[in-house]
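As they're listed, the protein sequences go chains A, B, C and D.
Mapping of the first sequence onto our numbering: position 101 corresponds to residue 101, and the numbering continues sequentially without gaps.
Mapping of the second sequence onto our numbering: position 130 corresponds to residue 130, and the numbering continues sequentially without gaps.
Mapping of the third sequence onto our numbering: position 243 corresponds to residue 243, and the numbering continues sequentially without gaps.
Mapping of the fourth sequence onto our numbering: position 100 corresponds to residue 100, and the numbering continues sequentially without gaps.
Just so you know, the hints here were simulated from the structure itself, not pulled from any lab data.
Being a predicted model, the structure only gives us computed values, none of them experimental.
C-beta: ideal position from N, C-alpha, C; glycine also.
Some clues are possibly wrong.
[What the hints assert, rightly or not] Mimicking SDA-like on lysine to any residue, the simulated pairs with C-alpha atoms at most 20 Å apart in a straight line are:
(1) 250/A / 330/C
(2) 168/A / 31/B
(3) 111/D / 77/D
(4) 371/D / 54/D
[To be verified] Ranges between beta-carbon positions, derived for each pair:
(5) 176/B / 42/A: 51 to 57 Å
(6) 40/A / 114/D: 53 to 59 Å
(7) 65/C / 343/A: 55 to 61 Å
(8) 336/A / 116/C: 42 to 48 Å
[Stated by the list, open to error] Covered by chain A, according to a simulated footprint, are these stretches of chain C (three or more residues, beta-carbon under 8 Å):
(9) 50 to 59
(10) 98 to 105
(11) 196 to 202
(12) 218 to 228
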Amino acid sequence: MQLMSTIRSAKTAPALLELSADNWRLAVLVGLVVSALAVVTLPASGSFWVVGAMSALVAAAFAVNAYRRRYYGGLLVAPAIAVLFVMNIFPLLWSLGLSFFAYQSNLQSIRFVGLNNYIKVLTDEVAAPGNWSALINTAMFAVCTVSAQMIVGFLLAMLFAKQFPLRKYLLILVLTPMMLSVVASGVFFTYYYDPTFGILSYVINSVAGGQFIVMDSKAGAVAGIVFADAWMWSPFVMLLVLAGLVSVPKYLYEAAAIDRVSAWRRFWSITFPYIRGLLMLALLFRTIEAFKLADLVIVLTKGGNDTMTISYHLIRIANEQNKTSEGAAISYIILFIVIVLTNLYLYVANPKNREA
Amino acid sequence: MTDRVSFWEWIGFRSVGGIAEAGWGRTLVVAVVSFIYFLPVLFIIFTAIKPQGLALSVPPTLSPTSFFGLIPDQFVFTPTLDNFASVFSRVMTAGGQPESTGFDRFFFNSIVIASASVLLALVIGTLAAYGFSRYPLKGNDTYLFVILTTRMLPAIVVIIPVILMFRAVGLSGSYLGIIMLYAAFNLAFTVWMMKSFFDELSTDVEDAARIDGSSEIKVFFKICLPQVVAGLAATFVFGLILTWNEFLFALLLTGPDTRTVPVAMNQAVSSGGRGTDWTLLAAIETLFLVPVFLATFFLQDHLLRGVTFGTVRK
Amino acid sequence: MSTIEIRDLTKKFGTFVAVKDANLSVAAGETVCLLGPSGCGKTTTLRTIAGLERATAGDVVIAGRRVNHLPPEKRDIAMVFQFYALYPALSVGRNIAMPLHREAIGSAEVAARVRKVADILHLRDILDRLPGQISEGEKQRAAVARAIVRDPKCFLFDEPLSRLDVELRHSMRGQIKAVLSNLTKATVIVTHDQLEALTMADRIAIMRDGLIEQVGSPHEVFAKPANVFVASFIGTPQMNLIDAQFKGYGNGKAKVVFDEQDVDLSVHPAVANLKTGRVTVGIRPRAFSVVSEDTRDTIDAMAELIEPMGAETLIHARTKTGSDIRVVVPRDKRVKIGEALHLVPDPAQTHVFADDGKAVRA
Amino acid sequence: MTATREINSIVMAAGLAASLVLGTTFAFAGDVTLTMAVPDWPPTRIMKKFFDEQYKPKSGNTVKLQVDFIPWPDFYTRVNASLTSGEKKYNFIVSDSQWLGAFVEGGYFRKINDLLNADPEFMKTFKDIHPNALNSYSTYPHKSENYYGFPQFPDVLVNFARKDIICHEAEQKNFMAKFNQKLPCTSEELDAMTWDDFKNVGEFFRRKKGEMLAGKPAEDDFYGIAFQAGKSYDFSSMQINGFIWQMGGDIWDETQAPTSKAEGVVNSPAAVKALEKYLSLIAYMPPLAKTGTMDIFKSDELFRQGKVAMSVNWIGLAEASLDPKTSRVSDNLVFGMMPGTKGADGKLVRWSNIGGQPFVLTTWTTDAQIKEAVEFVKWWLSSNIQHQFAAAGGQSAIKSVYSDPKYVTYRPWNRAWAPSLDWQKDVWHVPQFFELLTQQQDQYDLAITGRQDAKTTQDNIAKFQQRLLKEVGLIQ
């Protein structure tokens, strides 16, 4: 128990049967007994609340105990860990477990298959090619959309880096795209790209003549998706970069002006060190999100024109086809890739490692 | 006496008069770029005030006014507020009477669920961040990384266990369930962000307060918290933006009474069994944009301070 | 020729007038200090010379050329900033080399020049460190090194020593002065520290509320303050400034009344032309001789507080009606609290300022 | 504070919270609530409306129908998650006929044979449903005697056309000159169309902006035909199946499992030729077809916006084309049966894939609820309500209802309804439906967007189906 480990106890712990708010041993005992009774005697929806109350009791005892004995670290972190455990980590472990079983949620039969799901999704001659091509597409989308976001976000940030009249009002305009619901903006992008009704086609058709269809080739479809995604999320990168840019002390630029430093050198010597960490952070967050890219693809192409991404593929497998355990295996493969990338980021972003 | 001002100086890319201050020239340039960037949103807003029949007209109608003749008449439409009325009440069956669409409830739900969950995450997450920052546990970094990991997996993976869990305990379709779930999903972000803020604070003042006999609780509330108000505001805005438009969990874990707008919005994507009702969808999205837009606007000053995550600190 | 000249310079920020009609010229090889309390416009003046601010009106002339429209990089100047403005991501050596990148010289030459200034400023051992890893004094020297590594038309210093402790400040004053004296450039130093100004400057320009009050050599501004403000600002302990009624002039002495005392003071003959009325009499604390007799020439006061200052003793004396008079006497002059003092001011150090605050000397 | 007091207060607080969250679920005896998951569209809205306005339970109980209107795009996701997670929330579920297998095998959908047997009146109504509709909507295994569902909104594909274009004199004359054939104009003429005629219409009406169209210069590019050719859900299979059946091919026959084969059947020359025919029509559709997103909604939208002359689509979408608020062509519509293929005997073969949805009972519905549910279903399928439903824009699969002469007067497309019903078949109902469908849709998308020929496409589909169905034991 981490609550116990931080700082050595200042007061002696109460005896087991002493009635005291910090007697966590008694609380655990009472909690277990009452919970067990409740589980046996009450229906699930009733016993849940009794167990919940008992957990709260135990937690309260732990909290009082921790406070009296100054285990502040554990005390402060515990609620967050508890909520995360119940709502996130527990379900994650559940699906991790499922990935070792053959389980199809609509058929309710279950049997242990070890690593077979992983082997199947990676090597099976029917299932694997789809996974691999979706993974490769996802990597391509990640590279395209993240770099587009980084470039556009960076350029936007450069525009807003100085104080000027009405800046606040113009900034909020640029931030708006990321507040839109993906579905709504995605649906409107199908309109913008539509060859019959769409604005883009209208403009191009009237300027160039002929018939313009954005989404009828892989290049066009990818460009269409990347454009919409980058449009929505470049403001996020912009905010991060902008935060770095405005944190550069003004006098450094003044010194650079006095020292007659060229714009190029000024950027790399002064500005860039201030935004490097934030750029890497944006890269991390956006890459994680890029691996989850599905909504826009569903709305814009349904995965047609070879734009299937691993996340959409996963939705089809885990949701439409109810192949729950196979889906879990795929998601843990995604998680593995993302964790590797994240650690790579943390390694690169840490100056100590970089210079070594 | 006036001096020649170069173009670059005028738009603020090079300036003599105050390096960090640019003038109206810069405003003009940024306004043009921002406007172009904003155009797709503007189009949605304009679609919201378009007569339904003009949504798919060719050539597309672009503006409710001609802007003093700037825009040719064929691109101009007569604005209407009917679509906003249809968001809340419209005819659902041929020849029937207008009936309530329940959107008043959905908006209410969205606001309650998003704000409650973000605030809850803020409370729990700020406490945890303070703990991670001031009282590092054994394996502190591991905890932090695990917390970050919870944001990496596609939501679809956890959905079945979560539904099972919610069903078992009767949380399905309740406010409490979805609020707790969103709070958990916002926690990762909140903890990471707030920790960087606490890390940036100098501990001298806190130590001084402790020496003066302040309790830990008082140190936290009276000394630390007031210094990270910007961080709280920024975290709130980011959390709100991420939660506001969440779709999958909302679809699967809310009932008819707790349904949120992003789910109900699909009413307009496939309206009455035909395709998209463009003007209705635009009206919903426009209304739905307002709360988060206002929140962002009023907390905007904190945003830039908020996103540094301590990475700038040397 | 390396000179700086500002003519009728005015700088406004919105409606706030930071500098008003300032005139100043700095000759080649000359060091001028802009001295004044904070907010007086001295830094703005310097920044306007540097081109970091644009003049609202008036001209900035560097080396005989009007540079109002030129950005800093085209003015060929070097500047040391108050916070040093060292580039945090670059080593000290690369910081110093920064201004040399525009010069058409090879990297060997750059290295040689950096080494040269590093030697002058004793930075040789820390060239590879980052600014975050060196002390305040080293930062300051690095900032100076970066300024002098090049051969600009003039030097500008913004509060160069304000962040150093007293001891470092003392030694750096000497070092900077030594470095500057070897260069024949016009130099402007902004400071709020009169000691810094008095020791380093060839001339001092004293500013208040955007106006240059007086420009002169350290001796001039001390011995002949142009007005009450300069008189009060220069010199420690502060000059005694006594409100008095001028009753007339005769026998080389001015008859003044203050605090119900009639006193005849030996003053500058120009006082004779003054009309009777309110004046301010300024007398340096060290300008008093203590005599035993109460005469018409003496100012009478009672010692109230005695502060030994080492070689000298500062006495706060109070006149009958309560005016405070600071007197500095040699250490060997023993004065007790409560003792009545009869003070005779040195005529050469007695200044009369007319009702408008200006010194009466001509 | 002592631990006992703590326990007391915490338990009380938790109890309070529980009752707040769970809400009061206590109900009086005699109160029955039936909860129903339905897609949000007019046929279900009408059902709910009729129930609220007209339904009087014979039992005297207070019966409430609580309907969860779920937007169409998310309907399956929501229902599927609710069922597979064991949420046990709904008593009735509107289900696409193809989902039957997946959810029957999972034990979610309730077999209703016992209810039918117990109630002859119910059985009589039930057996009055057109056999093709009954087989599709109610049986699992397909065409067995195991019954599950009741028609909610039965649907077939019909041909929508614009009178102002196809009946225009100049167009009629030019068409005759070009094809030596009359351009179909009336409903009867539409009924008689083959896919070749349909293709001619497509070819004939391809007009660029400004070219003459029905006596006026076209305001925008104009196209002859539209039909479904989209990648998502079943938005090409439903159409292609009709081509395959009409041209003598077949899909994997689940009724003959496990002896029926996929390889050799699915990629038979007839099936390949059928797909080729389907693909040959794509060129005459609006350009969106080239992106693989020409789903039923887009083709309908293009038709309503006046960009095409003829469109094959579900009746379920037709209502919007009659409404001037959502349709630019509402004044000039004519409807006919979906085009057919000339058989060896010279008669038109009109096989088509049935659409629409049944609604089913779930296994956790209690006896008390079932009693009321049966009464409700009987009421719903009663002649009076079915007539009202049809009059409000619905369709009825009950023979006595649709064969009533009044029936064709409700809507202009109703005259095509009865004859079409005789030609309906359905796609697979097996639990592997979604796997079969997604793979097939992906393959068809490749063919539609011109990346793959018909032969390869059908070969790939056959190979996949053979393997998958063999794996699960549906093919020996």
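Outcome of the hint check:
| no. | hint | verdict |
| --- | --- | --- |
| 1 | 250/A / 330/C | violated, 50 Å |
| 2 | 168/A / 31/B | holds, 11 Å |
| 3 | 111/D / 77/D | violated, 23 Å |
| 4 | 371/D / 54/D | holds, 19 Å |
| 5 | 176/B / 42/A: 51 to 57 Å | violated, 20 Å |
| 6 | 40/A / 114/D: 53 to 59 Å | violated, 35 Å |
| 7 | 65/C / 343/A: 55 to 61 Å | holds, 58 Å |
| 8 | 336/A / 116/C: 42 to 48 Å | violated, 57 Å |
| 9 | 50 to 59 | holds (count 3) |
| 10 | 98 to 105 | holds (count 4) |
| 11 | 196 to 202 | violated (count 0) |
| 12 | 218 to 228 | violated (count 0) |
When each numbered hint is compared with the structure, violations occur for hints 1, 3, 5, 6, 8, 11, 12.
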